[in-house]
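The task is simple: from the sequences and hints, build the whole structure.
Residue numbers (this note's numbering), protein chains in the order written: chain A, 1 to 221; chain B, 1 to 268; chain C, 1 to 216.
There's no promise every hint is true.
[To be verified] In silico DMTMM-like pairs for lysine to aspartate or glutamate, Cα to Cα no more than 25 angstroms straight-line: (1) 85(B) to 117(C); (2) 177(B) to 189(B); (3) 177(B) to 117(C).
FYI, nobody ran anything at the bench for these hints, they're computed from the structure. Computed from a predicted model, the values in this text were never measured in an experiment.
What follows is each chain in one-letter form.
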Amino acid sequence: MGYALNFNLIWRHFDRLWGGLILSLELAVLAIGIGVVIGLVLAIAHVSGGRLTRAAIGAYVEVIRNVPLILLVYLVFYGLPQAVDIAYDATTSFVATLSLYAGAYLVEVFRSGLAAVPAGLIDAGKAIGLTPWQRLIHVRLPTMLRITLPALSNTFVSLFKDTSIASVIAVPELTYGAQWINTNTFRIVEVYLIVTGMYLVTGYAILLGLRAIERRFSIGR
Amino acid sequence: METSSSIPKPAPLLQIAGVKKQYGSVPVLRGVDLNVRRGQVVTILGPSGSGKTTLLRCVNFLEVYDGGSVQIDGQEVGYRDVVQKKFRSERDLARIRAETGMVFQMFNLFPHLTAAENVMLGLTKVRGKSKGEARDLASHWLGRVGLGDKLDRLPSQLSGGQQQRVGIARAVAMGPKILLLDEITSALDPELVGEVLDVVLDLADEGMTMLVVTHEIAFAREVSSEIVFMADGVIDTQGPPEDLFEGARGSERFRAFLSRFETHHRRR
Amino acid sequence: MLSAILYAIPFLGAGLAVTLLVSLLTVSLSLVIGGLMGVALVYGPAPLRWVIRGFSDVVRGIPILVLIFFVYYGLPVAGLNLQPFSAAVLALTVFKCAQVIENVRGAIGSIPRGQMDAGKAIGLTFPARLVYVIAPQAVRRFLPPWINGVTDAVKGSALVSLLGVTDLMHSIQQVIGRTYEALPLYVLGAVFYFVINYTLSMLSRRLELRYSYIRD
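Here it is as structure tokens:
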């Protein structure tokens with residue numbers, strides 16, 4: 001084999017990895033932020049809307065979930081500008097794509113979360129005279145958010161891992177940095193060991209952090 | 001005066017002696033002695049945490065007891081060497097368990113099998129019967145518990161009371177020496193309890209040896225030859241139902257326990 | 001646009017065949033290997049369980065693209081020189097194995113404890129309990145989520161195009177390179193993937209309903 005591990009070259013270019021990690025996190029945060037908005041709006045629309053609305057939302061969800069993310073990324077980045085007079089850079093394009101992707105998964109999360117709100121709570125809201133809209137805002141949504149916190153945490157960690165796809169359109173996140181170092185130093189094993197570690201540690205840290213927040217909010221439903 | 005000792009009594013079917021068990025540092029059974037003779041129905045009552053279900057599960061070694069001995073017809077249940085705490089092999093243990101039947105609080109029917117197949121599984125795989133013989137036996141016992149027309153239903157298609165009766169048929173069809181009933185009506189809707197208890201009463205009338213754990217006091221009075229009251233991991237009071245209920249014998253603890261049920265009735 | 005699509009169809013067809021082949025290999029290999037690992041995780045000795053646990057946690061904790069690159073670029077270092085196709089299948093299989101392990105663990109773990117008790121009570125030995133009580137229930141609990149997960153293998157297979165494997169994704173890129181009609185071709189590709197995966201997820205949902213009697 002004759003391959004001697006040499007991490008020095010990695011440390012020399014570590015800023016690409018560190019910067020990449022930060023960018024990955026930023027992309028994930030943006031995606032989940034926008035995705036939550038999309039998911040909430042569509043979940044409410046689904047619950048209160050008619051057959052056509054539900055079918056349209058269902059189609060959106062099914063398409064996004066069954067098509068590879070990389071294809072969606074290419075479609076938005078390369079395909080869309082052909083049809084629509086739009087120009088954006090790779091990062092913006094990726095954020096848009098990942099947000100749509102997140103939105104599709106979150107619609108399902110929020111829909112089942114809303115359905116899981118105990119009927120008794122809604123009845124209590126009716127009993128004290130709240131209008132349907134007030135019940136939605138003051139009873140159902142807050143309860144649903146508490147119920148869906150674990151699923152949200154998992155989605156966020158998933159999105160964080162999905163940001164690695166951005167590397168295919170040259171967005172300088174963590175995986176792109178790893179590939180750069182790989183092709184420029186040939187230190188394959190070292191760079192991928194480190195990057196694996198970075199994804200694992202970051203993912204775990206995110207989960208722990210979100211679990212702590214969950215506990216703060218779960219006042220025993 | 002005639003002494004019953006002139007006619008030697010056969011050894012008890014089930015002999016529980018000094019059984020101890022702890023979960024970690026918490027003692028659940030702190031030395032229990034109990035004998036059950038052939039044909040007897042012994043009912044164990046007690047508050048939660050008294051160890052009654054644990055004791056029952058020690059009889060077929062679903063729980064491993066740490067001290068003491070449990071013997072069925074002279075055979076130690078879980079250990080081939082009690083003193084040295086050497087466990088029996090899976091084969092031996094399975095053989096001994098086949099001689100006991102258990103009916104569970106949560107029914108535990110095999111959901112992928114029909115009622116008849118549930119009863120037939122033990123008959124074919126453990127008793128070695130042919131499919132035809134097993135089917136006949138299953139048909140017989142399911143008929144006996146009132147489910148003759150439900151042979152090919154899946155558990156998901158049966159009510160709680162029906163599922164529990166299948167559970168009884170499954171246990172009895174194996175021809176066990178003793179039947180262990182673990183709070184078999186606790187998970188049932190009140191109106192379904194009666195049909196299950198009727199089956200048990202029939203079995204008792206026919207001489208089935210049973211060790212029962214239950215909350216149903218009235219049922220306990222009717223079916224039992226002996227009542228055992230457990231508290232804190234030991235037997236507190238023991239005796240025939242007439243003595244303990246009508247005769248108002250028994251410790252303070254027992255009376256207090258019973259009174260909780262009495263007041264409940266009275267309120268209704 | 002129509003001419004581009006017509007031109008593309010034979011190429012995409014070839015690419016689709018490769019995608020299906022990669023997916024099929026990945027799914028079958030991971031089912032066998034991952035299945036065994038999953039059973040070992042539930043019933044095996046402690047050290048083995050730790051190793052499998054570790055493997056599953058690490059593989060599921062990293063992006064699949066990282067796994068693919070790691071395997072593809074790393075194997076030659078270890079002395080193993082594989083074709084891109086084989087390296088791709090290997091990486092995807094490793095990825096899917098971790099999922100299968102979780103599917104198996106979930107399936108067996110969701111069976112109520114009382115089932116083993118009931119099996120013991122009628123005098124079945126441990127092997128008999130596994131065969132007649134646990135396995136039939138575990139399989140029915142395993143199938144719907146597993147079939148659903150097969151869609152991940154199909155979607156993941158799109159990444160092997162980055163290694164130069166001539167799958168559907170790769171052939172789309174090639175045709176776009178020649179015709180410049182990016183949008184219609186990406187949409188066409190999306191349709192292909194959609195049809196495959198949607199069918200699979202519908203099958204999974206159907207099975208879930210069919211086997212609902214296994215859950216109380």
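Quick rundown of the hints versus the structure:
| no. | hint | verdict |
| --- | --- | --- |
| 1 | 85(B) to 117(C) | 22 angstroms, holds |
| 2 | 177(B) to 189(B) | 30 angstroms, violated |
| 3 | 177(B) to 117(C) | 19 angstroms, holds |
The structure fails to meet hint 2 from the earlier list, while all remaining hints are met.
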